[in-house]
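With chain A held as given, fit chain B onto it using these hints.
Protein chains in written order, with the numbering used here: chain A, 6 to 299; chain B, 132 to 485.
Mixed in with the good hints, there may be bad ones.
[To be verified] Okay, derived cross-link-like pairs now, DSS-like style, lysine-lysine, Cα gap no bigger than 27 Å in a straight line:
1. Lys-279(B) <-> Lys-227(B)
2. Lys-80(A) <-> Lys-483(B)
3. Lys-80(A) <-> Lys-227(B)
4. Lys-241(B) <-> Lys-279(B)
In case anyone wonders, no lab produced these hints; they're calculated from the structure.
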Amino acid sequence: MVTNLLQIKNLVKHYPSVKAVNGININLPTGICFGLLGPNGAGKTTTIEILEGINDATSGEILYKGKPLGDQFRKEAGIMFQTTALQDYITVRETLEMFAKLYPKHVDLDVLIKRCDLTEYIEQDNRELSGGQRQRLLLAVALVNDPDIIFLDEPTTGLDPQARRNFWNLINDIKAEGKTIILTTHYMDEAYTLCDEIAIMDHGKIIAQGTPKALLEETFNDVILQLPEIELNRLDLSFFTTQDRNGYVEITTHDVNEVIAILIEENISLSNLQIRPRTLDDLFLELTGKELRV
Amino acid sequence: MNNFLMSFKRFLALLSTRNKEFFRDRSSLSWNILMPVLIVAGFSFAFSDDIGKQFKVGVVNKLSATPQSKQFLGLKHIDFYSVAADEEEIKYAVNKVQRHQVDMLLDATKQQYWINTESPKGYLVEKILLGLGRPDSKHLDLKYHGFKKQTVSGKQIRYIDWVIPGILSMNMMFSALFGVGFVIVRYRKNGMLKRLKATPITALEYLSAQVASRIMLIMLVTAFVFYGTHFFVDFVMNGSHINLFLVFALGALSMISLGLIIAARITSEETAGGLLNLFSWPMMFFSGVWFSLEGAAPAMQNIAEIFPLTHVTAAARAIMIDGAELVDISYHLIVLLVQSVVFMFLGAWFFKWD
Numbered sequence: 006m007v008t009n010l011l012q013i014k015n016l017v018k019h020y021p022s023v024k025a026v027n028g029i030n031i032n033l034p035t036g037i038c039f040g041l042l043g044p045n046g047a048g049k050t051t052t053i054e055i056l057e058g059i060n061d062a063t064s065g066e067i068l069y070k071g072k073p074l075g076d077q078f079r080k081e082a083g084i085m086f087q088t089t090a091l092q093d094y095i096t097v098r099e100t101l102e103m104f105a106k107l108y109p110k111h112v113d114l115d116v117l118i119k120r121c122d123l124t125e126y127i128e129q130d131n132r133e134l135s136g137g138q139r140q141r142l143l144l145a146v147a148l149v150n151d152p153d154i155i156f157l158d159e160p161t162t163g164l165d166p167q168a169r170r171n172f173w174n175l176i177n178d179i180k181a182e183g184k185t186i187i188l189t190t191h192y193m194d195e196a197y198t199l200c201d202e203i204a205i206m207d208h209g210k211i212i213a214q215g216t217p218k219a220l221l222e223e224t225f226n227d228v229i230l231q232l233p234e235i236e237l238n239r240l241d242l243s244f245f246t247t248q249d250r251n252g253y254v255e256i257t258t259h260d261v262n263e264v265i266a267i268l269i270e271e272n273i274s275l276s277n278l279q280i281r282p283r284t285l286d287d288l289f290l291e292l293t294g295k296e297l298r299v
Numbered sequence: 132m133n134n135f136l137m138s139f140k141r142f143l144a145l146l147s148t149r150n151k152e153f154f155r156d157r158s159s160l161s162w163n164i165l166m167p168v169l170i171v172a173g174f175s176f177a178f179s180d181d182i183g184k185q186f187k188v189g190v191v192n193k194l195s196a197t198p199q200s201k202q203f204l205g206l207k208h209i210d211f212y213s214v215a216a217d218e219e220e221i222k223y224a225v226n227k228v229q230r231h232q233v234d235m236l237l238d239a240t241k242q243q244y245w246i247n248t249e250s251p252k253g254y255l256v257e258k259i260l261l262g263l264g265r266p267d268s269k270h271l272d273l274k275y276h277g278f279k280k281q282t283v284s285g286k287q288i289r290y291i292d293w294v295i296p297g298i299l300s301m302n303m304m305f306s307a308l309f310g311v312g313f314v315i316v317r318y319r320k321n322g323m324l325k326r327l328k329a330t331p332i333t334a335l336e337y338l339s340a341q342v343a344s345r346i347m348l349i350m351l352v353t354a355f356v357f358y359g360t361h362f363f364v365d366f367v368m369n370g371s372h373i374n375l376f377l378v379f380a381l382g383a384l385s386m387i388s389l390g391l392i393i394a395a396r397i398t399s400e401e402t403a404g405g406l407l408n409l410f411s412w413p414m415m416f417f418s419g420v421w422f423s424l425e426g427a428a429p430a431m432q433n434i435a436e437i438f439p440l441t442h443v444t445a446a447a448r449a450i451m452i453d454g455a456e457l458v459d460i461s462y463h464l465i466v467l468l469v470q471s472v473v474f475m476f477l478g479a480w481f482f483k484w485d
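Just chain A, same shape as in the assembly:
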């Protein structure tokens, strides 16, 4: 009986000048959305390309449904690369038809077109698509073969907030069908919203893995208070752990009551006080010490 859809054992990829992937182990059960996060250069694109069968590993083993990656995997995997050109002078429908013919089975194209909200642009030349339309088409291409496992490499990069939200809805629909998704993203809110499990990579290794909630609870037991910098001018902040961020001072504390008491004592206005829990952004910075770049 196959318990894991994808098993990655001690995966290593060495280039002449760099160890891009340095001993990764992941077991991926069916039906989850798994997020692979990491700063630029962490090795996540190399990792995902090896998992997709695009790149070869230096050593290690990848098993899909208990077997090494091969024909079956290529037939059952759907892939949306970070950047993919579409053929010029070909319409959206023709693109989907071409990819559909490359697989032994494919979904009903009309249903797929509706689902990915492509109906309005279906006879449009690929060159004339906007960023959001293009991403939806690339997702449709990834879904054309009714895949069991779907790789989404930074699928919402460059999209406006509305388009991102629409895209998230689409991914949630796919998840609801029990498909397994591997997602890479630089947007932590995206990972938090979509992923059942995440792994954070740095220097070719996984430095943390688990559900977003569990990882946050394991790493942090504090909260952050935010106040406008201008209102704290009179206060000696050396008692607190603070950080400046866009005109605000963030105070990190385990005891909110104590901090608020001090602020009241110092006659600091609390009208603009905000308290926020720790996020994946904080976790990421805590673990990698690097700001995410979009």
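Chain B in isolation, oriented as in the chain A frame:
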């Protein structure tokens, strides 16, 4: 569905998509058709006027000419050139008389001459030969002079007739090299090939679809240019159209396969452009497209043998001008076939998706 049918289905899907892309790219399509037409039209215009005002006469045994022959050879404004008294050379020169490239061939010792009955200039130069020193036109007869007349016939071969097979082949070369090589590099650079690699298609299916698509397009465009140009220029076509089709198809295959080698691993369009030029320009100049390599240095002739364009041009020219059959051009066909197989094998061997 069995593997072969599935493979064929994928091949057809890629073929059809590539064809659509080509035909919808109007600027590229127009240029493919327009370029050879413009070249042919330019040459046709340039050579429409008879720029050679002199008569041209080949002379065998020039040094041992009879007095009558010497009198003729002493005339001004006629270009006399020596022909070796060798059976092959004489045959070759007679062939030129047939094609109107030479107005007369004269054996100055035997007082024998060859003339093309369809050549106006041949007719005039014959009158000059027979009328020398004889003001009375009634004495313009062969018996009086002792010259023996041999007649040949044949349509005139103009430079435009000679150059058209080369132009068609050259246009094919550009379309083959740039149309496949450049496109594959562009697809590789922009990630299209990487996306296709993630599907069940194989490199062989992908490459064969590209080759088949380009051959179809090349043959279609070449046929269009051939018949379109023929309508306006009326160039010589003495051979079989089917044989010519086969030569061009084999030539296209060979040159597309060469393009596959060039494009096998490159990811930069600039590098690809440079390399394609590196191959196409020497071929354009040293494959006998514009001028005959007969008088060229042996080293250059040997180098030209490597180029597929040399063999396509020579075979096409032999069919179109001499009416050669496939057996007559079997050497060129074998070379093209071997080159196609070798180039295709190397291209597939070195091919990288990303």
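Query raised in the report: Are the Cα atoms of Lys-279(B) and Lys-227(B) separated by 27 Å or less?
Result: holds, 19 Å
>> For Lys-80(A) and Lys-227(B), compute the direct alpha-carbon distance and say whether it is at most 27 Å.
In response: violated, 64 Å
Margin query: What's the verdict on Lys-241(B) and Lys-279(B), does the C-alpha distance respect the 27 Å limit or exceed it?
Written below: Roughly 8 Å between the alpha carbons, so the hint for Lys-241(B) and Lys-279(B) holds.
Notebook entry, point to check: Under the criterion that the straight-line Cα-Cα distance not exceed 27 Å, is the pair Lys-80(A), Lys-483(B) satisfied?
Noted result: Distance ~20 Å between Lys-80(A) and Lys-483(B) Cα, so the pair holds.
In terms of the numbered hints stated before, the structure departs from hint 3 and from no other.
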